[in-house]
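As they're listed, the protein sequences go chains A and B.
Numbering of the first sequence is given in my numbering, commencing with residue 443 and proceeding in unit increments.
Numbering of the second sequence is given in my numbering, commencing with residue 1286 and proceeding in unit increments.
It should be emphasised that the hints constitute simulated quantities derived from the structure, not laboratory data.
C-beta: ideal position from N, C-alpha, C; glycine also.
Please note that a few of the clues may not be correct.
Capping the alpha-carbon separation at 35 Å, the derived lysine-lysine pairs in DSBU-like fashion look like this [stated by the list, open to error]:
| hint | chain 1 | residue 1 | chain 2 | residue 2 |
| --- | --- | --- | --- | --- |
| 1 | B | K1512 | A | K846 |
| 2 | A | K799 | B | K1441 |
| 3 | A | K818 | A | K700 |
| 4 | B | K1433 | A | K626 |
| 5 | A | K796 | B | K1441 |
To spell it out: a stretch of chain A is covered by chain B in this simulated footprint if at least three of its residues, at any positions, have a beta carbon under 8 Å from a beta carbon of chain B; those stretches are [claimed, not checked]:
| hint | segment |
| --- | --- |
| 6 | 453-466 |
| 7 | 582-593 |
| 8 | 618-624 |
| 9 | 762-775 |
| 10 | 877-884 |
| 11 | 892-905 |
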Amino acid sequence: MAEEQKEAKAKKRMTATQAAASIGPMVKEFITGTLRARAEGKQKLAYTFIVCHHEEIFRAMDVIPLWTENFAGICGAKRDAERFLQRAESLGLSRSLCTYALCGIGFDQWREELGQMPPDAPWGGQARPDFMISSGQILCDPRSKWYQASQQYMPDVPIYNIDLPHPMFQRDQDHRDVWGYYHKYIVKQLRGLVAFLEEQTGKKMDYDRLRELVALSDRTWNLIEETYSLRKAVPCPMGTGDAMNTMVPINFMMATQKAYDFFLDLKKELEEKIAKGEGEVQEEKYRLMWGGGLPSWFALTDFNYFNSKGASFPVETTYRMVAPLNEMDIPETKDPIEHLAWRWLGFWTLWFDKAKKRPGSEPDVERLINWIEEYKIDGVVMHEAFSCRTWHVGLIWQLHQLAKIYKPIPVFVIGKDGKKEKVYRELPSLILESDIIDITSYSEVDTRNKIDAFIETLESIRVNKAA
Amino acid sequence: MNDKQGNIFSTVEKYYKDYGLRAKELKKEGKKIIGYVCSFVPLEIITAAGCIPFRVRGNIHEPITTGDTLLETIVCPYYRSCFDLSVKEKYAFLSGMVIPHGCDSMVRSYSAWSYSLPYSYFHFVNIPNVCDESSFEFFNAELNTFRKSLEKFTGKAITDEDLAQAIRIYNENRDKVKALYEFRKADPPLISGTELIMVLTVGSSLPIAEANTLFDKVLADIKGREKSPINKGPRIFIDGACLDNIELIKLVEELGGSVVADTICNGARDYFPRTDVGRDPIDALAHRYLDKINCPKTYRKNKAGTFEGDIASRFGDIRAYVREFKADGAILYVYKYCDPFGFEVPARKAYYKSIHVPLLHLEDIYSAGTMGQLRTRIQAFLEMIG
C-alpha cells in the first residue's frame, strides 16, 4: 500500500546559533514525554492549537497540551507526512484543505483503527488525547473543523471550542470603540475553558498560580522582543532559518520557566556573536525579510541556500506571535483571565494606529514597512503554501500595497538633461510556492532557480546603489 | 423556458443574464446599493438604513484575470470569481460593500477588497464561531456596531421600528420562497431547479419589495401550469455552499434528474429560517443569523456524545428536506479550497449512508470548463439510482 511507504530522509539544516541547534532534541523529548505521560495516566492530555493565549490556563491546571500543528510539522520535517495525507484523502478529505489538519486526521484515524500507533510513527507518534480544545477565531477555519472531523474516529473524546475574535482593521473605525464587548466575550469564553478543564480534571483552578504563570509569560514576551531586536545588528547574528526553530519555545512552551531561560541563553549568545562581529553568513550582502507564509518544513535547507548566496534573514513575520507588552495600550487588571483577553486584543490590534497614519497602509503592510526600516531590509521573501488560507491569503496584496506606498531605496540615475537624479526603486520581492508539509508540491530545482534570479536582482540593485 | 409559461420568466432570464441591471437603474435614481457576499450579512439592517442590498455573484464562464493579480489562487474559487468581477468593475454601481466572517477567504481578503474597490462604504461583520449565551451577547453588540456604521454612512437613524418593518418584509420574502419550494414536491416538480435558482439569484439583485412582487408573479405563473417543464426522473437533493450559476443544476436536469431541494446558501440555508417577530429586533436578527442559519462555519457542540448523535443533530435538516421533498439521491457539491465544507465531507458521507440516501460527492472549481467531467459522473450517478 502506497501510504505505508515512508519518504526519503530530509537533510539537516545548518543552524547559526547553539540555541537553535538545541531545539530538535527538545521537541523530541517533549513528544516522548507526552507518550510517557499517556502511559502513566497521571495527567490529562489535550489536543490544542498555538496562538490562543490559553497556555497559562493549561499549565495552571496541569493539563499537558498536545500541539497537533507541531506534530504535523514534525511529520513534514521528517518527510513522513505523505502516508497520513493519503489516508485522509481516502476518507474523503480534499488535498486542497489544510495539510496540517489532513496529516493529523489521517494519523488519528490510523491510530484508532489499529488501537496503537501507526508503524514507525515519527518520534513515537502523537498520544491519544483525553479531550480536545479547538479554537474558532478570526484566524483559521480548520481550527474549529479539524477536531470535529477527528472526533468521527474517536467519538468518546470531548471537544471544547473557544471563540477568540478580534476586531478587523477598518479605517473609519477606532478599535477601542468596539473592543469592550470583544473583551467581555473573550473573558467569558476563557472562563468557559476553565470550567471545562475543571470538569475534565476534577481539580479547581488555582488563580494565584495562574497569575504567576501569566506574569511569567509577560516577562517572556518582553524578553523575546529584546532578544529578537538584537538581530538588527549588521551582520545579523541569527536568521529566519534559526527562528523556525526558536519558534518552538515561543509557541509551544510559553508560560514555562524553560521558555524564559531559553531566551535568556539565546540573548546572551546573540550579544556575544554581535561583540565578535559574527553573522549568520560570513559575508553579509543582502538582508532579507521573511514577510509572510509558513515555511516548507521539509525544505528548511533552502534557508542555507539563501545564506550561501550571502543573504541573511534578520526578521520574519511568521511565528513572531508575541510583542512587547509596554507597546500595547491595554488596561491594567489584577484578574489573570481579564489580562489574557486584553493581551489577545492588544496583540492583534498592535499596528492599527500606526497603519491609520499612513495613507494606503494596513496593519500587516505597516508591520512590513516598519521592520524593513528597523532591520535595514533589502528585499522581501514570502511563501505561499497552497493548503493554508489563514496565513497565505492577502500576501500578494500586501506586496502590491507595499510597492505602491513605500519606495525606500534611493538610487541615482542620469536624467534627461544629463544630470544625476535621485529616484526610488521598489523593494524587490520573491514569492516561493509550495506547501507546509505536502512535499509533492515542492520542486527544489524550481525553488532554487527562483532564488538565484532573485539574488541577481538584489545584486544589480546593490551594484547600482554602490555606484 | 417556453413562451406558454408566460413573460415573467423572460423577465427573470433578462435580469439573470444582465445581472445588476435593475441596480444600475436605481443607482441612477440616487439610491445607495450595498453589495454583500455570504448569507451571514443581515440584510434587514441594510434595508432599514434605506439602502438596497445586492448579492455579489461570480460567473463561471468568465476567466479570472485581474483578480489573480491581487488575490491568491488558493482562495475559494467562487469567492475569487466574485472578487475578479468586482475589480473588473462589473459592480461599479455599488456604493458600498459588506463582508462577514463567513470563512478564511473572506477574512483574509477583506483588505484586498476594501483597498482595491472605489466604494465609499466598507464594513466587516464579525460572526461568532459558536452558539452560546455569550456569543449572542457579542453578536448583538456587533450588529449594533454595523447599524451605527450604516447610520453614519447614510446620515439617517435606524429605529427599532425600521428594523421591525424590514424583518416583516424579509419574512414575507422567505415565505414566498418556501411557497416556490412547495411546487417542487410534485413529481415531476412544477418548477425546475434551473428556474428556481434563476429566480432566487435574480431576487437577490433587487430591492426586497420588488423581489417580493417578482416572486408573487412567478408563484402565480406556476400555479397556472398544467405540466412540469421537465420530465419525470430521479429526484435530486443538492447539498453545498453557494450555487449562483445555474449550470450544475441545469446539467442534472438535462441528464434526466429533477432537482427538488437543497441546503445551498442562496437556497434553503438562507431562505428557510425566519426571523422571530415581537422581540428586540437586533436580538431576533442575532438569533436568526447565528443560530438558525446552519452553516458548517459555526461550531455546534456535540451534545449527544456519540458520532451518530452529533451528525444527526448537525445535519438533521438534510434528512427533513430529503423526506419532505422525496429525494432519491443527493449531490454533495463542494468547492476546492473550501475549509468549512471540505472538512465535513467524511461526516456528511456517513450521514447520507445512515439515512440510506445515495450520494455523489463532487469537488469543483467554479468554472464552466469542468462541466464535461461533471456530466459523465452525474450521468453515471443518475443511471445508478434511476
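Against the structure, the hints come out as follows:
1. B/K1512 x A/K846: 60 Å, violated
2. A/K799 x B/K1441: Given pair A/K799, B/K1441 holds - Cα atoms ~29 Å apart, limit 35 Å.
3. A/K818 x A/K700: Status holds; Cα separation ~32 Å.
4. B/K1433 x A/K626: Judged against 35 Å, a Cα distance of about 20 Å means the pair holds.
5. A/K796 x B/K1441: Roughly 31 Å separates the two Cα atoms, so the pair holds.
6. 453-466: Check failed, 0 qualifying residues.
7. 582-593: holds (count 9)
8. 618-624: holds (count 4)
9. 762-775: violated (count 0)
10. 877-884: Coverage by chain B is violated here, the residue count being 0 at a Cβ distance below 8 Å.
11. 892-905: This one is violated; 0 residues, fewer than the three required, reach chain B with a Cβ under 8 Å.
The structure fails to meet hints 1, 6, 9, 10, 11 from the earlier list, while all remaining hints are met.
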